[in-house]
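Q: Sequence:
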Amino acid sequence: MSMAPGWRGGLAAALLVLASQPVAAQPAAPTALPELSVTAQPAQAVEGYQPLTTTLGGGGAVPLMELPQSIAVVPRAVIEDQQARSLDEVLANVSGVAAANSLGGTQDAFMRRGFGDNRDGSIMIDGLRTMLPRSMSVMTDRVEVLKGPASMLYGILDPGGMVNLVPLRPEERFAGMVNLRATSFGGGSAGFDVTGPVAQGFSFRLAGEDQREEYWRNFGHVERRQIAPSLAWRDDRSSVELRYFHEDYAVPFDRGTIFDPRTGRAVPTGRRTRFDEPYNTSRGYSDYVGLRGSHQLDEDWRVSAGYAYSLNDYSDQNARIISYDPATGALVRRADATEASTRFSHAVRADLEGRVTLFGLRHDLVFGTSYDYQSTRRSEMVRGRNTGGFNIYNPVYGRLAAPGRIGTPSDSDQMERLESVAFYAQDSIHLNEQWILVAGLRYEQFDQLAGRGRPFNRNTDVQDGRLVPRLGLVYRVLPELALYASYSESFKPNSSIATAYGALPPETAHSYEIGAKLDIGEGLSATLAVFDIDKRNVAYNFVQNGTTFTATAGAVRSRGVEIDIAGRITRQDSVIGSYAYTDASVTRDPTLQGNRLWNVPRHTASLFWVHDFGAVLGSEGLRAGFGGRFMGERAGDTQNSFDLPSYQVFDAFVAYDTRIERQALRLQLNVKNMFDRTYYTATQGSNLGVAIGEPLQVVASVTARF
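In terms of mature numbering (1 follows the signal peptide of the UniProt record, and there is no 0), the sequence shown is residues -25 to -1, 1 to 681.
Simulated from the structure, these hints should not be mistaken for lab results. Each hint should be verified, as a subset may be incorrect.
[Unchecked claim] Computed Cβ-Cβ distance ranges for the label pairs, DEER-style:
| no. | residue 1 | residue 2 | range |
| --- | --- | --- | --- |
| 1 | R337 | L442 | 21 to 31 Å |
| 2 | R680 | Y487 | 44 to 54 Å |
| 3 | R680 | N193 | 34 to 44 Å |
| 4 | D275 | Y487 | 27 to 37 Å |
Please read all numbers here as calculations on a predicted model, not as lab measurements. Heads up, the beta-carbon is just placed ideally off N, CA and C, and yes, glycines get one too.
Take these sequences, add in the hints, and give me the full structure.
A: If you want it as C-alpha cells, here you go:
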C-alpha cells in the first residue's frame, strides 16, 4: 500500500476537516437535540464529581448508562481538589490502571487491565491520537478512560483501553484566574487562565504556566513552560475550534533504584540517593495543534471532524547502569544519549452522525473515516564505554563524563513510521425503552516501516489490514440501573525499531465483558465490570548488555473485576473511589508460560472523600478531603525474578474560599503521601531500574478568580 508521507498526509487531513464545514453560513432555525448539539459542551458531561455523558462511545454525547462498556471519568473538580499535576496522579482514581515503564519519568505510561507501555498510542486529546511525552497540561479539563478494546472506534490500540484528555473550551462569558503554587520540595509555579467573547460568535481562551521546582532526590531540577491559546466560533448550526499548545521542558531522566537479586528488595541506600549523574536530563519542546468542527445538517443529522498535529523534539542524556555487584555495591555504568530526536503525528477523524427510524425502531448511526500518521526518528544514539568505579554505598559523582553528541553507527538513525487509513460504522438500535443493541465494524489498513543503523538496516516493512467488530447489549432494568454485555476486538502493530527477531506480527486481542451501571440517589454513579481478555503476539522488552530489545510472547490472558464510583453522597459530601482485581499471565510461550505480566498488580483500590463545611470562620466556603490508594504486589520482569512490594499512600487537603476587597480568593493546602511512605511504582523490566514514588510533599496554592 502506498501512502503519502507525513506532511503531505497532514495536509490531506486538514483538507478533510475543512471539507466537512459548510461553504457559507446558511440561515436556519435553531434546533435542540441534546445528543447532536454543536455547542462547546455538547451536553453536561459532569456535575461535581459525578460523570454524566461521554463522547467516547461514538455518536456525540451519550449518557454513560447507554454504553455497553465501562468508562471512568475524573472531572476537573477532582483534579483541582487533589492538585493533580500528572496523569499518574489523575489515574490513581481509576480502577484497573497502574504505572508502567515511564522511561526514567519522561513519558506517560500506564497498564490498563494488564496491558500497556510508554508510547503505545493509547493517550488521546479530544479523541485524537498524539505523541506528547506528558499529556496533562494547562488546557486539560477532565480525563476519561474507556476500558477494554476500543479499536472499532479509535483504531490501533492495546485491548486494555484508552485515555482521553478533554480540553478546556473557550467560553462566551468572560472569566479568568491567576494561580501561585509552592511546594515543599522547593520552588513552584505561576499560572493563568482567561476566557471570554471577542466578537459576535467568537470566543477565546488563553492559559499558561511557568513551573520551576527542585527535584525531590539528591540532585535535579524540573522546568516546564506552557502556553495554550484557543479560539472558537459558533452559530446556531455550526462550530469550529482551533487550539494550540506549546511546552518547553527540562526534567530529570531518573530510572530510580536497584533491587538486590539476593533479597528481592531495594538496596538499602535511601530513596533520595541517585546512581546516575547530574547530567541525566531530558530536554526538549512539544507542540500540539487541534482543529475541530461540526455542522448540523438538519434535525437528525450532523457532520463533525477533527484534526490534530503533535510534535516532541527532544534529547536525553543518561548514565545507564549496565551491571551491579550485590556483594560489593559496585556498578558498571555507561554514558548514553539520544540526540536530535523527533516524534510527530497527524491524526484526522470525520464522522457522519444521525438518527433514523426503521421498522418502528430508533437507530443512532455513526459512519466515519480516520487517518493516522506517526513518525519516530532518533538520529544520534550515543553509546559510551562500560565504566566501573562507582559504588552505591559511597557514591562519587562526576567521574563518568557526559556522553558526546555523535551516535554509534550501528544504533543510530533509528526510524519508525506507522500510517493507517480506516472506515467504520456503528448502529445503536433502541429495541424498546429498555433494550439497546450496539453493533459496529471497522476496517483499517496500515503501513509500517522501521529500522536503524548506518548504513540503514530495514527490519520491518509491513502492509496489512484488519477487520475489527464490536457488539454490545444494554438492558435498562430501571431508569437508574442498567445491565450490559459486550464483545470487542483490538489490534496493534508491534513497535519494531529494537526488535530482536526482525518484523514482529501485530498484537491481536478479543474481549468479553459484562457489567452493571447504577445511579444512586441524586448524584452518585457506580459501575461494576467483569472482563476476560485474550491477547496474542504480545510485545515485551528485555535488556541485554545494556541494550533494550523487543520480542513477543505467544499468548496472554487478563481476567478481572472492576468497580468505579463517583459523585455526591450528600449535599456536603462527594466521593471518588475504585477497586480492581486483575489476573494477568502468559498462557502460551516456550519459556514464560504461567508467568505473571510485569507491572500488573492483582489488587488495586482507591478512595477520596471530600466534605463541604459551608461558610465557616468568616469564609465563603471551607472544603476538606482525605483519601488513599492501595497498589498490590507486582512482578518486576518477564521472568518474575523479583516483585515490587504492595503499598498504601494517603493524601489530604483543605481549601478556604474568601474575599479580600471584593476579590475572590481560594487558599489551598495539599499534603501528598502524608505518612511519608517509601514505595515503588514500576520497573523498566529489570531490577536495575525501579521507579520510586515521591515522598511527603506539602503544596500551598492561592488562586484569584475574576
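Q: It remains to establish, for every hint, whether it holds in the given structure.
A: Outcome of the hint check:
Taken as a hint, the range 21 to 31 Å holds for the pair R337 and L442, whose Cβ atoms sit roughly 27 Å apart. In this structure the hint that R680 and Y487 lie 44 to 54 Å apart at CB holds, the actual value being about 47 Å. For the pair R680 and N193, the beta carbons lie near 38 Å from each other, so the given range of 34 to 44 Å is met. Hint check: D275 to Y487, Cβ distance near 33 Å, so the stated range 27 to 37 Å holds.
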